[in-house]
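Student: The residues making up each chain are set out below.
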Amino acid sequence: MTYEELIKETALADERIVVMTAENRALIRNLPAVLGPRFIDTGITEQTLIGAAAGLALRGRVPILHALATFLTLRAFEFIRTDVGIGQLPVKLSGFVPGFLSDGNGPTHQAIEDVSLMRGIPGMTVFAPADEADMLAMLPAIWASPSPAYVRVNTRPATYEHAPFEIGKAEIVAEGTDITILTYGMLFEQTMVARELLQAQGKSVGLVNLRSLKPIDEAALLDVVRRGSLIVTVEDHFVTGGLFSILAEVLLRNQLTARVLPLALEERWYRPGRLSAVLEYEGFTGRHIARRIAEHLGESGAAITPGPAVLENQFAE
Amino acid sequence: MTNTKRQELSDRALKVREHIVRLSTNGGCFTGASLSCADLLVYLYSDFLNVRPDNLTDPTRDYLFLSKGHDVPALYGTFVELGFIDKARLDHHLSTDDHIYWHPNRNVPGVEFHSGSLGHLPGVALGVAMDCRMRGQDNKVIVITGDGELNEGTVWESLLVASAHQVNNLTLVVDRNHFQANVATEDLIPLEPLAPKFEAFGCEVRRIDGHDFAQLEEAFSALPFSDTKPSVIICDTVRGRGLPSIEARADRWFCNFSADEVTELLKELHSQEATKLTSETLTVR
Chain L
1 MTYEELIKET ALADERIVVM TAENRALIRN LPAVLGPRFI DTGITEQTLI
51 GAAAGLALRG RVPILHALAT FLTLRAFEFI RTDVGIGQLP VKLSGFVPGF
101 LSDGNGPTHQ AIEDVSLMRG IPGMTVFAPA DEADMLAMLP AIWASPSPAY
151 VRVNTRPATY EHAPFEIGKA EIVAEGTDIT ILTYGMLFEQ TMVARELLQA
201 QGKSVGLVNL RSLKPIDEAA LLDVVRRGSL IVTVEDHFVT GGLFSILAEV
251 LLRNQLTARV LPLALEERWY RPGRLSAVLE YEGFTGRHIA RRIAEHLGES
301 GAAITPGPAV LENQFAE
Chain U
1 MTNTKRQELS DRALKVREHI VRLSTNGGCF TGASLSCADL LVYLYSDFLN
51 VRPDNLTDPT RDYLFLSKGH DVPALYGTFV ELGFIDKARL DHHLSTDDHI
101 YWHPNRNVPG VEFHSGSLGH LPGVALGVAM DCRMRGQDNK VIVITGDGEL
151 NEGTVWESLL VASAHQVNNL TLVVDRNHFQ ANVATEDLIP LEPLAPKFEA
201 FGCEVRRIDG HDFAQLEEAF SALPFSDTKP SVIICDTVRG RGLPSIEARA
251 DRWFCNFSAD EVTELLKELH SQEATKLTSE TLTVR
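Going down the list, the protein sequences come from chains L and U. For the first sequence, position 263 (counting from the first letter as 1) is numbered 263 according to our numbering, and the numbering increases by one without interruption. For the second sequence, position 128 (counting from the first letter as 1) is numbered 128 according to our numbering, and the numbering increases by one without interruption.
Mixed in with the good hints there might be a few duds.
Looking from chain U toward chain L, a few residues come up when the C-beta cut is under 7 Å (computed) [unchecked claim]: (1) L90; (2) L94; (3) V108; (4) S117; (5) G127; (6) D131; (7) S158.
FYI, nobody ran anything at the bench for these hints, they're computed from the structure. Values in this document were obtained by computation on a predicted structure and should not be read as measured data. C-beta atoms are modelled at their ideal positions from N, C-alpha and C, and glycine is treated no differently.
Generate the whole structure from the sequences, applying the supplied hints.
Tutor: Set out below in structure tokens:
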């Protein structure tokens, strides 16, 4: 099953589903022929795309919007906030090539504030699957919910067998007493590598795939905090407004404190290139993540060996 | 249009203008912009749209989207006169115990969607029109924009898309009162020649006097203007229409009058109407 096949199956089984795009067809080329008038391409018009989706939702439709994450969340931000947010309409936003996945495009295409923006809209839900299998496990519940939703589309092959998904629940991959890595989206596979490398150094390392960033699994975060390990938030997002901020909000709301190392993008866009080169340059391969954590603990990262090569991204759209 | 019908619409529009003037105090409202579209809204809800207080959830009803949301006092007044809402609700203007404020919202029966941020509802109306067509229904979908609102790119973007998808059940109506917020449109972002702009975006266009009920009837009765194109009706109007003391004044967009001023303006409204009726009667005779 692919993302496109899941959309097709869901739409064929549910007349309410309308698939829309702002001419971003790389992942959904076969849908126009199958869905006929329920496939609507508005051209390169993200704002009108959102407005029309709101109109369709007013009439009882559930529009699934597939468009580039940056232009969808940034160009059309006020339309999402005003038409979908104030309207509390079940519009489902699929943001393509979010975070590091826009690899070689450059800063214009880097959606690295999308989580921050979308979660700031009252009633909006926000999700970031770790890979394609995770995404396919998550989407049916997200589409079935009456809430507006934003999903960071991620079609990278799975390196882990994921548990069934529930909105608002994190996936606890491992528990650890020295370090716990919290992450979401495409960096999950690199944190898996980082975990193994650190375990090989004798550390006990926990790993949590957040999946649902809003609603957030507060109980899972509080469990991690109570365990007392160093917490490392790893995200392809600006450090402001993403997972590090979410964790800080949860800590403060509960009058708690913790040792936290944020690995995120600080006050700048990332250097464009092929995905493997970006992760190397920005320090987000499994090995880099492991080394940065070791160094934060005052240890040398020199003994940490390289992990497997990073699989390159397949899409240029 | 018969004289009886015109008289009935004129009487109703006068009452709507009274509501607008009465809302222009204790915090005020966008008086000038509301007065310019009062005749249009009275005509549409009285005589054209299949929208009544008893069919507001019927999916086969017609839709009117007020994209130019700051003229909502004209909509409130029309809704009171046609029984959509109680007149008493207008006493709660700008009170937090009701939802009667400077822009439309769906807590007011008859309001299809909230607006206020300009350039939003052409897209929303487009989505509704597409869905009506997808379901084989012939609902009319009208979206009213201001003329200053035409500065917003999304108005044009929506028309490009509507035109590409041949959404001919969508009609965009421009309340062409020749003013943006603070400045005459032609002094800031000139719009003329306006009709050819819409034509160039693939629309079928008519231009009428937006205060003339007979012209409104003639134009709207001819919808859709095309089997393949969206329709546009440019209504030439006067900002502040009905009150010569504020008509076509750049500084009468938002008004917050004193109680005494409201009394004077209501007198002015009625004397104006009396003069107009006399001259119309003379013309007819």
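Student: Give a verdict on every hint.
Tutor: Results for each hint:
Given the 7 Å rule on beta carbons, the hint for L90 (chain U) is violated: about 23 Å separates it from the nearest Cβ of chain L. With a cut of 7 Å, the hint placing L94 (chain U) at the interface with chain L is violated, because the nearest CB-to-CB distance is about 19 Å. A distance limit of 7 Å between C-beta atoms decides the matter here; for V108 (chain U) the minimum to chain L is near 14 Å, and the interface restraint is violated. Because the smallest distance between the Cβ of S117 (chain U) and any Cβ of chain L comes to about 5 Å, under 7 Å, the interface hint for this residue holds.
With 7 Å as the threshold, the beta carbon of G127 (chain U) comes within range of chain L, its nearest partner Cβ sitting at about 2 Å, so the hint holds. This hint holds: D131 (chain U) has a C-beta 4 Å from the nearest C-beta of chain L, less than the 7 Å allowed. The interface hint given for S158 (chain U) holds, since its Cβ lies 5 Å from the closest Cβ of chain L, which is under the 7 Å cut-off.
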